[in-house]
Amino acid sequence: MFSVRSARHFSTSALRAVSIKSAPASAETVSSLKVVIKNAGSKSSPAGLAHLLASSTFFDTPEKSGLRLKRESELLGGEYSAEVTRDALVLKASFLKEGLPFFVNALGSSISKAAYKPHELAEVAGPYASHVHASKAACPKFKALEELHAISYRSGLGLPLYYDGSKTYSSEDIKAFAESSIFSENIEIIGENVEAADLEKFVSESPFATLPTGNDVNALPQPTYTGAESRIRQAGKTSAIIGLPVKDANAYELVAAGLLASVPESITATADSKVLSYEGSSLFYFSVTSSDAAEVASIIKAAAKDLKSVDFSKFSKLATLLAGKEVASKSVSAPSDFNFVVVGDVDAVPLKSEL
Amino acid sequence: MLSKRLFSTSSRQLTKAAVSRLGNGITVITKPTVGTKASVGLYLNSGSRAENPYNSGISALLGNVVSSSHAAVDALKNEGVKYYSSNQKEVTGLLAASYPKGNASGALASIKNTISQLNSIVSEDVRVADQKEKSIAITEAFENSPKDMVIEHMIGTAFQGTSLALPKYGKAESLEILESEDLKNYLASNFVSSNLAVVAVGPEIDHDTLIKFASELPVPTGAKTAFEPASFLGSDIRLRDDNLPQAHAAISVLTPGSKDSAAHYTGLVAAQINGSYEGANSPYSHFVGSTLAQFLEENHLIDSFDHFQFAYSDVGLWGGYFASHNVGNYDETIHFALKNWNRFSTGTVNDIEIAKAKAELKLKLLTPPECPVQFAEKLATEAFLLGYVPSEQEIAANIDGVTSSSITGWAQKYLFDQDIALAGNGQIEALFDYNRIRNDMSLLRW
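Top to bottom, those sequences are chains A and B. Quick note on the UniProt record's numbering: the first sequence kicks off at 1 and runs consecutively. Quick note on the UniProt record's numbering: the second sequence kicks off at 1 and runs consecutively.
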């Protein structure tokens, strides 16, 4: 009770550590808040625990039950959600403008005062997390992308995004993980269509201001691996994915655009290519999914060939559209090796060595 | 604590959507927004309601043919401009271009280039044949989504015999027989100036630029034929499919269209009172305030539900959609839902429920669509259906104007003891016959 930790709880300097940004307004009546808690993502926790933490957010605190929070939010015209990414725990709320002080408080309380009661995990958060994992894992493309992370990074970013049930955690584990990762230095608050001064004032009066200061984001270098292959048999559609960790994300935005541009139009196949930017590394991938495994084979073969031979510098306009940011034209040297994952009817898709 | 006085009011006003009508009848709409993505597109006041049973699906097919044309592929690869198409009951998104900030001129040039080739694009038999196959695949995927499927069939049975009953993506039978010649005929009667809206959403294209662009488009001058009037018939349609894990049904009554704004907004608030229930898809489902959600969940009668107020230019449908894996007790799901609806007519919905519904509805209607293409479609739909684009303040004022007594009056007129349109799919052996469900629309005791 009188530990050093609780003394820090009331430190006035804590607020300066929370970073607050305001994004330009896109509406007059509706505002939104996003709270990004770095180091509380799946790369920083034992496998799946970060997802359980996200699923346990917005339940009981000593002042307010999860039920009361939901009912009050409904009455004010507001919605909230929590999701896990590899880098962070992300809380979001959108609400009618007048609700700003209420939602600043609600988001702050939900991370600083949550009770993490055992029955919440057993009855709601656990089943919900498993439901999310099951519905995502049924999609072969998601499964292939998860496996690509696993073989490209092994630890850290390679850990599963969602709770897959392979480990058992208690509500104490969730609480301990929250306490070890939720520090004011790790928190970024982004408000849209809010007055910056009001947001800062409300944050300084909210539980955000009482968060402990302490560890900051530990940017451990992420080891990366290429040349690996993984093939998983599964019923349903077949998905194949080529990917590799990249240093120059912008160059690979050009590659993503160039590969997508040459995929033939098809009723059954869907292709996707992106550069996923994480803290510490970026992962490029090209994936194709279809109910026709032979089609997957031919498209992934062509993409592997293009990856080595095409001049991607001409795709800057398309890359700008797809990446949602300005991508300048530059020459891209072909990667020496890549990782390869197939999920589904794996016999119909060539081996990595045959690509 | 929640008083508005606690914080300063913004002096900055967002620019509203600007709407003009050109001399030849083209509607031009611009909406400046922030962000890195923008959209400019051409919308027709046609949709599936402008079709007939023999060319059902042609509006969606036309959009697919245009957005897969050579011109579209060139625009994507060389200009970074991606074409989308869409179709609703009364609005066709013929060509909606999405482009990154900084490339407005490329987008406008691409659209102009594509539109100037429109006749040759629809004359390519091979492309039309390919896109027919794709359109048929889209209709099949749509039919395999139970929620979309029952709602579409509910609309179909409600307005049976009129063009409003035609499915928005058409039918495989009618799509199969369409040819280039049909597309040309459709274009001749629908791609005319008074039936066209040119809509830009984003930070770059100003209103005058778009007016100039629209006036230079090669669009034949003319007026299109009006939609045939819709008539409602209380009826039901069922596809029992015991291979599906759940029972699905959608039920609705006839309401006025979106032009009757008092009735429309009252219906929207009434639909929001019970709102929607996501079941296992949200960790907060146990907490929702809707009395219907609480009752159905407590008794294990529901997986998910949704309430809606659909509105077209002249008519609307108000109702709900219910999905449950508790198929043996599905009669109770429907019975108690309809008994809950009776509360609207007896005036026993309490003030807190109405306040909650109004606040939630404001959030729902005033949250701008994330993607500029959807935003443009929303603006075009409002302009076609209402004749104007309502501002945020007008929408909020309309919602504020709904009271407990207006809900009761609305319900006694449009809901109480009214005929229903019903569609069911899945394991619906416990979905009662039409008359028993119809009887639940009234009360013997008030």
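In short, the hints are calculated from the structure, not lab data. Mixed in with the good hints there might be a few duds.
Said to hold, decoys possible - Computed cross-link-like contacts, DSSO-like style, restricted to lysine-lysine with a CA-CA straight-line distance of at most 30 Å:
1) A:K325 <-> B:K101
2) B:K339 <-> B:K378
3) A:K305 <-> B:K77
4) A:K141 <-> B:K37
5) B:K37 <-> A:K274
6) B:K134 <-> A:K305
7) A:K113 <-> A:K97
8) A:K301 <-> B:K132
9) A:K308 <-> A:K274
10) B:K378 <-> B:K132
11) B:K101 <-> B:K37
Going through the hints against the structure:
1. A hinted pair counts as satisfied when its Cα atoms are at most 30 Å apart, and A:K325 with B:K101 qualifies at roughly 9 Å.
2. For the hint pairing B:K339 with B:K378, the CA-to-CA distance comes to about 34 Å; that exceeds 30 Å, so the pair is violated.
3. Between A:K305 and B:K77 the CA atoms are separated by roughly 19 Å; this keeps the pair inside 30 Å, and the hint holds.
4. Only pairs whose Cα atoms come within 30 Å are accepted, and A:K141 paired with B:K37 is accepted, the gap being roughly 26 Å.
5. This hinted pair checks out: B:K37 and A:K274 have alpha carbons roughly 17 Å apart, not beyond 30 Å.
6. Among the hinted pairs, B:K134 with A:K305 is consistent with the structure: their alpha-carbon atoms are about 28 Å apart, no more than 30 Å.
7. Restraint check: the Cα-Cα separation between A:K113 and A:K97 comes to about 25 Å, which is no more than 30 Å; the hinted pair holds.
8. Taking the CA atoms of A:K301 and B:K132, the gap is near 28 Å; set against the 30 Å cutoff, the hint holds.
9. Distance hint between A:K308 and A:K274 is fulfilled; the C-alpha atoms sit about 17 Å from each other, no more than 30 Å.
10. Pair hint B:K378 plus B:K132 holds up; C-alpha atoms about 27 Å apart against a cutoff of 30 Å.
11. Pair hint B:K101 plus B:K37 holds up; C-alpha atoms about 6 Å apart against a cutoff of 30 Å.
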